[in-house]
Amino acid sequence: MLGTYTTFPELLILVPMLAGVICFFLGKNNAAKNVALFASIVTLCISLASLCYADEKFAKYNTVSYIWLKYIGSTYLVGLDATGRMLTLLTAIGFPLIFVATYKNDYKNSASFYGLMLLTQAGLMGVFCAMDALVFYFYWELALIPVYFLSSKWGGEKRIQATFKFFVYTFAGSLLMLIGIIYVYLHTPGRVFEDGTTSAHSFSINAFYQAKLAVSDQAWVFWLFFVAFAIKMPIFPFHTWQPDAYDQSPTSVTMVLSGIMVKMGLFGVLRWLIPIFPAATKEYAHLIMILSIIGIIYASCIAIVQDNLKKLVAYSSIAHIGLMCAAIFAMNAISVQGVLLQMFNHGINIIGLWIVVDQLEKKTGVKEISKLGGVAHKAPVLTILLVIIALANIALPLTNAFVGEFMMFAGVWQYNHWYAAIAGISIILAAVYTLNMIQKVFYGETKPLTESIKDIALHEKVILSVIVVCIFMMGVYPQPMIDLTKHAVKVLLTINQ
Amino acid sequence: MNNVLHIVWLIPILPLIGFLINGLFRNSLSKSVAGFVGSAVILASFALSIFAFLQVKSGNTHLAHYFNLINIDALRIGFDFKIDQLSSLFLLIITGVGFLIHVYSTSYMHEEPSKDFAKYFAYLNLFVFSMLLLVMGGNYIIMFIGWEGVGLCSYLLIGFWFKNNDYTNAAKKAFIMNRIGDLGFLLAVFWLISKIGTVSYDEVFSATSLAKLSTTDITGITLLFFVGATGKSAQIPLYTWLPDAMAGPTPVSALIHAATMVTAGIYMIARSSILYSMAPVTQCVVAIVGLSTAILAATIALKQNDIKKVLAYSTVSQLGYMFLGLGVGAYTGAVFHVMTHAFFKALLFLGAGSVIHAMGGEQDMRNMGGLKKHMRITHLTFLLGCIAIAGIPPFSGFFSKDEILAAAFEASPVFWVIGVAGAMMTAFYMFRLYGMTFLGKFRGTHEQEHHLHESPAAITFPLIVLAILAVFGGFVGIPEVFVHGGHKLAEFLAPVFAQTNAYVSSHHAHEALSHNTEYILMGTSVLLALVALSYAINKFSKYQKTETASTGLAKVLENKWYVDELYDAVIVKPLRSLSAFFNNVIEKKGIDGLVNGVGKAVNYGGRQLRWIQSGQVGAYVLLMVIGMLVLFIIQFFVKNI
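These protein sequence lines map, in sequence, to chains A and B. Positions 68 to 564 (the working numbering) are the ones given, in order, by the first sequence. Positions 186 to 826 (the working numbering) are the ones given, in order, by the second sequence.
If you are wondering where the hints come from, they were derived from the structure by calculation, not from laboratory data. Quick caveat: nothing in here was measured; it's all calculated off a predicted structure. Warning: the hint list may mix true and false statements.
Listed next, with one range per pair, are the computed distances between beta-carbon atoms [as the list claims (entries may be wrong)]:
no. : chain 1 : residue 1 : chain 2 : residue 2 : range
1   : A       : H484      : B       : G778      : 27 to 37 Å
2   : B       : I811      : A       : A239      : 27 to 37 Å
3   : A       : V448      : B       : K773      : 34 to 44 Å
4   : B       : L763      : A       : H484      : 19 to 29 Å
5   : A       : L115      : B       : E296      : 46 to 56 Å
The C-beta atom is built at its ideal place from N, Cα and C for all residues, glycine as well.
Chain A with its partners taken away, still in its complex shape:
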């Protein structure tokens, strides 16, 4: 059946999309929830199955193209390559984790909520599989727009302000990218289809890679794409939408945003930006790395003085993403491999952190660190699991993030010693804000708000334990993940030779 009727990328996109559409029509509260959970688990199984067919000889299972808009040279071309496989896996793992962890949450009009969540998942899958610039743009927007609705309808008190900012930022980014796509498109070679139709230009990824852009053109079109991706990551100074959005969105949306969606920006850089603009990449690598490194230190410092738990996690994430961005532009085998590893690990860890933060907020009704304290007495299991995840977040050895961060720093060092040394200060700052948080929230005497809380329920224990097991597995034996993505590093570095 596979290869003849359908392929992995199609399934990964269609299952959540169809399930999402179905959800909209389900009125009853739990029905949509269960359909969403079921669909996300099916998607996970498909994604796991796709790992077994990663080999070159299974190409027909992994790529497919349909006639779409052939007069302008666009086909519906989707495919799974090494990077795509890793990120679709992250998406596929992320959603069921999120659905289970927030299973107890009740949403007003849950049919639309879960419908939009699944559409987001479909959009993300599409972004990671698209092999045609127009398809990519389509899915990019499909992933964003449901999030906008989710945050503005189900968010916190200041949701309108936060989502407005989020929307302005990302919309501006998308617009710039669209201009960029059209500009590059106009420089692509023409294309002849099997039925004899011809188009003057083509949207296919290969055509984009072959686009002949003068160095002077690259110099500015590069920035159209880069700003769109930089906003999505986000890196300094395009980041201020993020803390507010994370703070105000419903937790499950925040998990999607921070765990998976930020990877769209990094992915965009790897898949589209660098191969299309090799000259500009070399030219501006220094500048972008400096921006990223400023962002790393800047965000880490701000995290130290945050009293809002959610914003603390948000700024910590900005710092980590900044490092990934710097490592991409270092463009060597070690750093890029580190990024590919870390994109996955960061997603797992931050979802874990949000689960704990969500639990704390639900149990106490506050997210201010100064109002919490002594949680360890009341909820020891939650504490232990959080401490492990938080330590993974600051890249302690034998946790998953260590290997990735180690490789990224080592790669950045090869590019420029000072960049690595300055960025390295963040590992100290990360210890400062993480341990401060642990001390104030979990240690010390209990406070009125934490006096009567209970430890987490079984399904939350299970979900967090799954994350913890992932953390150690990937930390002790990361080689399978390295093998999965090794090929992508080679491809990227050869394209950019």
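Following the hints, complete the assembly by docking chain B onto the known chain A.
Only chain B this time, still in chain A's reference frame:
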């Protein structure tokens, strides 16, 4: 693969299993089971370590490769263990002393609720696991895994009583200062990777790799590694966490903050001895930092009244001596001092713990005194420990300290003079401690006096074993001047330092000290130590509590030279202000202000333009007509210009 030493993976795995059992089942395990499991796994590791040691002694060393941690074309890092003379010696110290401290803990921690008791043993086992990884690793990454792992356990154990904010502050401080050092370690590793593409010891120290490194590279790498060592081994400028770390349970101080973890920096430099010998600048820095730390900490110890604080500063000071040894190239001497120090300092800490236990948690020596009659075993073993650390022959501390001081003299007589001054202070503050605690009259409350008792066997047994080691442990390293071929330890470790020694002797003409000089040096230092010691005993056996506040230098020393205050003013506060500035000014007013400004401008523009969209068709038509007219006029005129 066929090497019998391939099974050494069991040595760290056993404590890990102990950690998992105690950690996962802490709610259901009884205290005796938890204590038994915790101690038994370490004993088993100790037995295996003896096996490994004997294998190594008979000439069988092994590099065990288990799997790849990272394997890409540009870099391969294996999960490797290297079992050679140096690591097998450390294995013995860690598991041997570790086992004794586990036994001791079963009694010392007995008043904890059983859940916390099991947690304590879980942490302690996890620590031993990490420490074993650190010394067994076959490359710098495995070492680093252990390196940060022990830091984590230290953090968890210092903050073991986490209700108390002072304790958790101390724990946090330890972790963060260690992380500063860790950054140095990591940067050194990155430097190695970028130059020679490998981190495994055997490859890094091979002639081909060393040839690829310039003098700048080697100096930079060794200095950065040394930054790592100053964090973990509490040297200037990163030593201030160690005295605060005394917040943890006393056996933890004995194991982690005296016998094992804090010596990791010495192990690391001894392991990298060839790199250090090739970098004279670094060696000089190491020697000076070590010596300065030794003196600084010794001066502070003179005026401390908390029994554990004195021992903590004493540890910092002794570690300084070890770095002095490393800096002047006496690698064997430094490792020797690690070993003897592990014996007598663990003994002293455990003895102090026994005292604190008897005093019902009191740690202030001003409220002690006269404990000699009440605690015979503790007193005797403690006294032996004090003599050993003071460097009185033939106790163990004498041999190892003497070896370092002799090497320091060869490097520069100034080093020796300062070193001996420090040794005098050591003898003084140790016997001040001894006098204030055990001699004279009891100065505590009646209730405490009534409660005074000798500790149970689980506490006195480790004391006795360690006392024997502290007394006789030095005999493995008798200097040439006394017995020809008496330095068995040097003989044993010779293969580890063979490459380094060959390098040194080919680059510097080396003349051994004459026997006479050595006798004079030795005699002077012992004599001075004896003077200091007897003065201290004399003075502090008659110690009386006084209420007068100290002034001048004494006050400065009591306040530890105000270094904590200095760091607070120079680093902690500015960092917080900078962060607050970023958050309040740049983030909120700057970037966000700009973004919101754009948003507001759009809003404002929209509001101002709203009147156009009045909804009346007539108005739209009118506007359309006007617009067309404007276009028409523009086109007409533009064409005509």
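>> Of the numbered hints stated earlier in the document, which are not met by this structure?
In response: none
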